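Enquirer: Here are the chains, one letter per residue:
Protein chains: 2
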Amino acid sequence: MENLFNEMSQSKPSLHTCLSPALLHLYDLANSVVVIIDVFRATSTIASALHNGARSVIPVDSVPKAIEIAKSIDGIAAGERDGMIAEGLQHGNSPLEYSRDFIGNRILVLTTTNGTRLLQMALDRNADTIISGSFPNLSKVCQFLLDSGKSVILGCAGWKDRFNLEDTMFAGAVIDRIGDHFTIHCDSSRMAVDMYRQQKADLIGFAPQLTHYHRLVNRFGLIKDIEFCLTIDTAPVLSVYRDGKLVAK
Amino acid sequence: MENLFNEMSQSKPSLHTCLSPALLHLYDLANSVVVIIDVFRATSTIASALHNGARSVIPVDSVPKAIEIAKSIDGIAAGERDGMIAEGLQHGNSPLEYSRDFIGNRILVLTTTNGTRLLQMALDRNADTIISGSFPNLSKVCQFLLDSGKSVILGCAGWKDRFNLEDTMFAGAVIDRIGDHFTIHCDSSRMAVDMYRQQKADLIGFAPQLTHYHRLVNRFGLIKDIEFCLTIDTAPVLSVYRDGKLVAK
Numbered sequence: 001m002e003n004l005f006n007e008m009s010q011s012k013p014s015l016h017t018c019l020s021p022a023l024l025h026l027y028d029l030a031n032s033v034v035v036i037i038d039v040f041r042a043t044s045t046i047a048s049a050l051h052n053g054a055r056s057v058i059p060v061d062s063v064p065k066a067i068e069i070a071k072s073i074d075g076i077a078a079g080e081r082d083g084m085i086a087e088g089l090q091h092g093n094s095p096l097e098y099s100r101d102f103i104g105n106r107i108l109v110l111t112t113t114n115g116t117r118l119l120q121m122a123l124d125r126n127a128d129t130i131i132s133g134s135f136p137n138l139s140k141v142c143q144f145l146l147d148s149g150k151s152v153i154l155g156c157a158g159w160k161d162r163f164n165l166e167d168t169m170f171a172g173a174v175i176d177r178i179g180d181h182f183t184i185h186c187d188s189s190r191m192a193v194d195m196y197r198q199q200k201a202d203l204i205g206f207a208p209q210l211t212h213y214h215r216l217v218n219r220f221g222l223i224k225d226i227e228f229c230l231t232i233d234t235a236p237v238l239s240v241y242r243d244g245k246l247v248a249k
Numbered sequence: 250m251e252n253l254f255n256e257m258s259q260s261k262p263s264l265h266t267c268l269s270p271a272l273l274h275l276y277d278l279a280n281s282v283v284v285i286i287d288v289f290r291a292t293s294t295i296a297s298a299l300h301n302g303a304r305s306v307i308p309v310d311s312v313p314k315a316i317e318i319a320k321s322i323d324g325i326a327a328g329e330r331d332g333m334i335a336e337g338l339q340h341g342n343s344p345l346e347y348s349r350d351f352i353g354n355r356i357l358v359l360t361t362t363n364g365t366r367l368l369q370m371a372l373d374r375n376a377d378t379i380i381s382g383s384f385p386n387l388s389k390v391c392q393f394l395l396d397s398g399k400s401v402i403l404g405c406a407g408w409k410d411r412f413n414l415e416d417t418m419f420a421g422a423v424i425d426r427i428g429d430h431f432t433i434h435c436d437s438s439r440m441a442v443d444m445y446r447q448q449k450a451d452l453i454g455f456a457p458q459l460t461h462y463h464r465l466v467n468r469f470g471l472i473k474d475i476e477f478c479l480t481i482d483t484a485p486v487l488s489v490y491r492d493g494k495l496v497a498k
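Protein chains in written order, with this note's numbering: chain U, 1 to 249; chain H, 250 to 498.
Pair by pair, the computed Cβ-Cβ distance ranges are:
hint, chain 1, residue 1, chain 2, residue 2, range
1, U, Ile204, H, Asp429, 23 to 29 Å
2, U, Asp74, H, Asp429, 53 to 59 Å
3, U, Thr183, H, Asp310, 30 to 36 Å
4, U, Gly88, H, Asp310, 43 to 49 Å
5, H, Ile472, U, Asp128, 35 to 41 Å
6, H, Lys314, U, Ile73, 56 to 62 Å
7, U, Leu26, H, Gly493, 29 to 35 Å
8, U, Gly179, H, Asp310, 36 to 42 Å
Taking lysine-lysine pairs in the PhoX-like style, the calculated list, with each CA pair at most 25 Å apart, reads:
hint, chain 1, residue 1, chain 2, residue 2
9, H, Lys494, H, Lys399
10, H, Lys409, H, Lys494
11, H, Lys449, U, Lys200
12, H, Lys494, H, Lys320
13, H, Lys409, U, Lys160
14, U, Lys12, U, Lys150
FYI, nobody ran anything at the bench for these hints, they're computed from the structure. Just so it is clear, the structure is predicted and the values come from calculations on it, not from any experiment. All C-beta atoms in this analysis are idealised placements derived from N, C-alpha and C, irrespective of residue type, glycine included.
With these hints in hand, go ahead and build the complete structure from the sequences.
Expert: Below is the structure:
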């Protein structure tokens, strides 16, 4: 009995890193906290909006739905397709658009290329709890994962199902901070933390090596967005999904 | 005309790294050389067998098929499931089983968990050319890719669709050597070469960090296999798929 107790008290919850939405089916979400990671830029924008006082962020999968829902609740419809403000919308997926003056006490209805889709997939696969994370709210994410005591899936949104480094490095940042509290038998997690530790001293300096950087900066000039998205704890808020909305907790 | 010529002469073929069979659909294989990578152990075993004089290796997707084909051509049926010699077979997926005495001038009919399946997927997706690669035949793979002048997909077999580091680091080894000859806009490739460069000084020393190492060494004691699979150019042969067989070229 004592041995069993010791074993139980020593056993830690598991942690896995899922490198693409196309790999999500490999993981058991039913008893896990799933962290939706879309560093450029959905989950950075969500942190920014909630930190600046948005009542909630409603993620939706299409522009018409964003417009319709925003209209019915007097919210702000926003979103991007392929990195640009989506056609038919006035507001995009830039975390810097959502200042306290603009978003305070309002509801943001957001549709994006990758992050929104991954969140829907996690819902469909019965995730126990869903939160969203990016560098601007790293510490809050880590604290929540430690407090929950549950297994963790770090879900990288990637780019149209392809692996990307910025989401992977955020997973690595979480593991760098709190990995010791989990059982990790997962090459993805090992790689993620190695890549993060290699670059953590200057993430913004590393950014020009990222495929997505060129998509955003060369084509749209969003260097300020990139800097915000890669800076730790500039929007320290926990973003939890509940009843169709992401809310600050 | 002169400008066009310059542009054409400067344009390099593309190179991508596909981290899992479950991501293969994201890449255009029709005009590419696809390198099947299954370091532990299928593509190491294939290199070993061909280097030691096997006439060919026939990859098949089931044990009964392996037995049937081997019988009809007086070949050697072999294969593994979950790391062990598959039930019903006398020979497994260890590169050290296939000495010149045993395999010389014979045909190996091989079925494995991951590598065989990825090869079939590449065929189904109309890959222009398929070769197999692992550390024991790294230089031959690189030379072939340079000579072909075609675009390249480095296809990691992974473990049951999960990412693994040993296949990824072999992709990184190829990029480390010949990446400059290709156009690479692919975070997977960037990560692969970074991970390889971090560990290349002592791949065997790094092996205990790999999930798959524990599957093989702790459960089956295959440390010699691991060492063979991670040692560069110990079976210097090019393995090309043609008419249902992998043959030395």
